[in-house]
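Visitor: Use these hints to put chain B onto chain A, whose structure you have.
Protein chains in written order, with the numbering used here: chain A, 2 to 308; chain B, 4 to 325.
Honestly, the hints are just simulated from the structure, not real lab data. As the structure is a prediction and not an experimental result, all values here were calculated from the model. Glycine included, C-beta positions come from ideal geometry on N, C-alpha and C. It is possible that some hints are incorrect.
Unchecked claim - Listed next, with one range per pair, are the computed distances between beta-carbon atoms:
no. : chain 1 : residue 1 : chain 2 : residue 2 : range
1   : A       : I5        : B       : L38       : 52 to 62 Å
2   : B       : A104      : A       : F265      : 30 to 40 Å
3   : A       : G158      : B       : A309      : 40 to 50 Å
4   : A       : L153      : B       : R194      : 49 to 59 Å
Listed here are the chains, written in short residue letters.
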Amino acid sequence: MDWILLLEQCLNGLQLGILLFLLAAGLTLVFGIMDLVNLAHGSLYMMGAYFATTFAGWTGSFLLGALLALPAALLLGIVVEVVALRTLYSRDHLDQVLATFGLILFFNELARIVWGPAGLDLSLPAFLETSVELLPGVPYPTYRIAIIVTGLLVAGGMYALVNHTRIGMLIRAGASNRGMVSALGVNIRLLYTLVFGLGTVLAALAGLMAAPILTVQIGMGETILILAFVVIVIGGIGSIRGAFVAAILVGLIDTVGRAFLADFLRLFLTNQVAETAGPAMSSMLIYILMAAVLATRPRGLFPPRGH
Amino acid sequence: MRISASTAVASGTIVALAVVPPITNALQEPFYLGLFLRLMILAIAAISLNLILGFGNMVSFGHAAYMGIGAYVVGIGTFHAIEDGIDWLANGFLHVPLAIAASSLAALVIGAISIRTRGVYFIMITLAFGQMLYFIGVGLEVYGADDGLSLYMRSEFGGVLDINDNTQFYYLVLALLLATLYGVKRLIASRFGLVIRGARSNERRLAAVGIPVYRYKLVAFMVAGAICGVAGVLLANRTDFVSPDMMHWTRSGDLIIMVVLGGMGTLFGPLYGAAAFLLVEEFLSGITEHWQIVFGPLLILVVIYARGGIAGVVHALERRRE
Chain A
2 MDWILLLEQC
12 LNGLQLGILL
22 FLLAAGLTLV
32 FGIMDLVNLA
42 HGSLYMMGAY
52 FATTFAGWTG
62 SFLLGALLAL
72 PAALLLGIVV
82 EVVALRTLYS
92 RDHLDQVLAT
102 FGLILFFNEL
112 ARIVWGPAGL
122 DLSLPAFLET
132 SVELLPGVPY
142 PTYRIAIIVT
152 GLLVAGGMYA
162 LVNHTRIGML
172 IRAGASNRGM
182 VSALGVNIRL
192 LYTLVFGLGT
202 VLAALAGLMA
212 APILTVQIGM
222 GETILILAFV
232 VIVIGGIGSI
242 RGAFVAAILV
252 GLIDTVGRAF
262 LADFLRLFLT
272 NQVAETAGPA
282 MSSMLIYILM
292 AAVLATRPRG
302 LFPPRGH
Chain B
4 MRISASTAVA
14 SGTIVALAVV
24 PPITNALQEP
34 FYLGLFLRLM
44 ILAIAAISLN
54 LILGFGNMVS
64 FGHAAYMGIG
74 AYVVGIGTFH
84 AIEDGIDWLA
94 NGFLHVPLAI
104 AASSLAALVI
114 GAISIRTRGV
124 YFIMITLAFG
134 QMLYFIGVGL
144 EVYGADDGLS
154 LYMRSEFGGV
164 LDINDNTQFY
174 YLVLALLLAT
184 LYGVKRLIAS
194 RFGLVIRGAR
204 SNERRLAAVG
214 IPVYRYKLVA
224 FMVAGAICGV
234 AGVLLANRTD
244 FVSPDMMHWT
254 RSGDLIIMVV
264 LGGMGTLFGP
274 LYGAAAFLLV
284 EEFLSGITEH
294 WQIVFGPLLI
304 LVVIYARGGI
314 AGVVHALERR
324 RE
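For reference, chain A alone in the conformation it holds in the complex (with noise of 0.2 Å):
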């Protein structure tokens, strides 16, 4: 086996694990504090990434383009719960489901008619697009080293947010029994308000992250969003903690399993039979990996007290 290869998959996988925790982050969030299932998370990573495009393109700097995305990201967020999302908070999830499905319809649409129908591509500055020798004689890409890096810290500073502050103090009383804390004289419209717009930046966050590397176009978060939805189904909905974890298992397996699952196919099957199943079933090991964890945990590896 190429051991250089497993490193550099490795650390693709753990790159892929930090964008889907941001995007988790924010999700589990807002299912554990508002009860709310918002399939337009997707979306909002999908804006993000536009609006970096688009600022970094105005402004001709990559880093100023994804600083002004960061804010904008949070006035479209708090719009998005305030014009729409509000009302939804005392409904059943089907409704939640329906309702932010129709959101995705909008800004996919919206989306075509302000971006057009084709791909953009947001271009890293000079300094970010060079590598770094990991080992001697193994490069690996700058960007990719400076995602992992920035999706740590945020997910440090979740932490301290969480439990070590007045507002994550807060969050977490919102997420084991909102009656009470509202009846304790907590303006919970407003917690609301800002959790969503926190979750919404952390998707933005990891949008235009991940600009560079894919491609911005339209439908980019719906591919992501079922992962993250994996994500918080494995770790238990609700826990950010939970959220972590699963994120950096589901990025490792599905980056390491699409690598050399044929490979391993091989030692048992023919080339053929590897190299045709091969690609069919790593894209089947999470959900394998989803299934195991719920057929022993039905409420995922984390599941948060007080529910």
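Guide: Structure of chain B alone, referenced to chain A:
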């Protein structure tokens, strides 16, 4: 005898569907015949979803996958019939039972894991399993991967009927639609249906009187999958094309929209919903290519303000008259 508004609307719809082919043939508008054909096929799929979603409160978000399985049975069968000259693989009398077997088997596996979970977990798991089948379709490189597979022939029903003729095909689908409606009506009224509807309101009480709810729900899940598989066989023949896109989760979302738009847990609701969905799509896309920018917010408004769907509106009119 007074005829209620719901009965009048239901029979009116069936009669209207029955007279579509003579009218479109007279006007020489084969496009509309095709549109109504697709409408009825999607209605069958929506009715099957309503069986578990509307009556059993199981929000399955991967229902389009069974349609894809049925479609791929036809696609793969006719592909080998033409490529390898194995004629019997094009037989429709083989496609239908095979589609039923394959889709109910998939529903058995998916259901066995999903039904153990509750609420939003159920939604997300069925969604994820649906996507898994979608990715399997994408991985089928022999059968065109994500580009899909064009059908160079339709299912053959021997000398009985020729579905290459869209009018004959239309009446076959209409007959199957009526059979599905009748079957679901009987099923819902039966003891089995009583358990499914009971599980919607209070599963714990049913368990307390000694009913194995899990098994009942699983069987309902399989029946719904099987009916949807048949709809897939029809859809593949209607579009002469199969692709993984038929199983994409947004297609499952469309089916849920149809059920809710028409009226959950009502017999004819999904039919109205499928009709409304396709006709609104047809109407809006005639006005602007960006029809979804109107349809999306429209959907949100329907969810917020019109819970009972079309069947609910008809029912409300009925009560006002009394």
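Visitor: Against this structure, judge whether each hint is valid.
Guide: Hint-by-hint comparison with the structure:
1. A:I5 with B:L38: 52 to 62 Å: 57 Å, holds
2. B:A104 with A:F265: 30 to 40 Å: 31 Å, holds
3. A:G158 with B:A309: 40 to 50 Å: 43 Å, holds
4. A:L153 with B:R194: 49 to 59 Å: 57 Å, holds
This entry satisfies every hint, going by the numbered hints stated previously.
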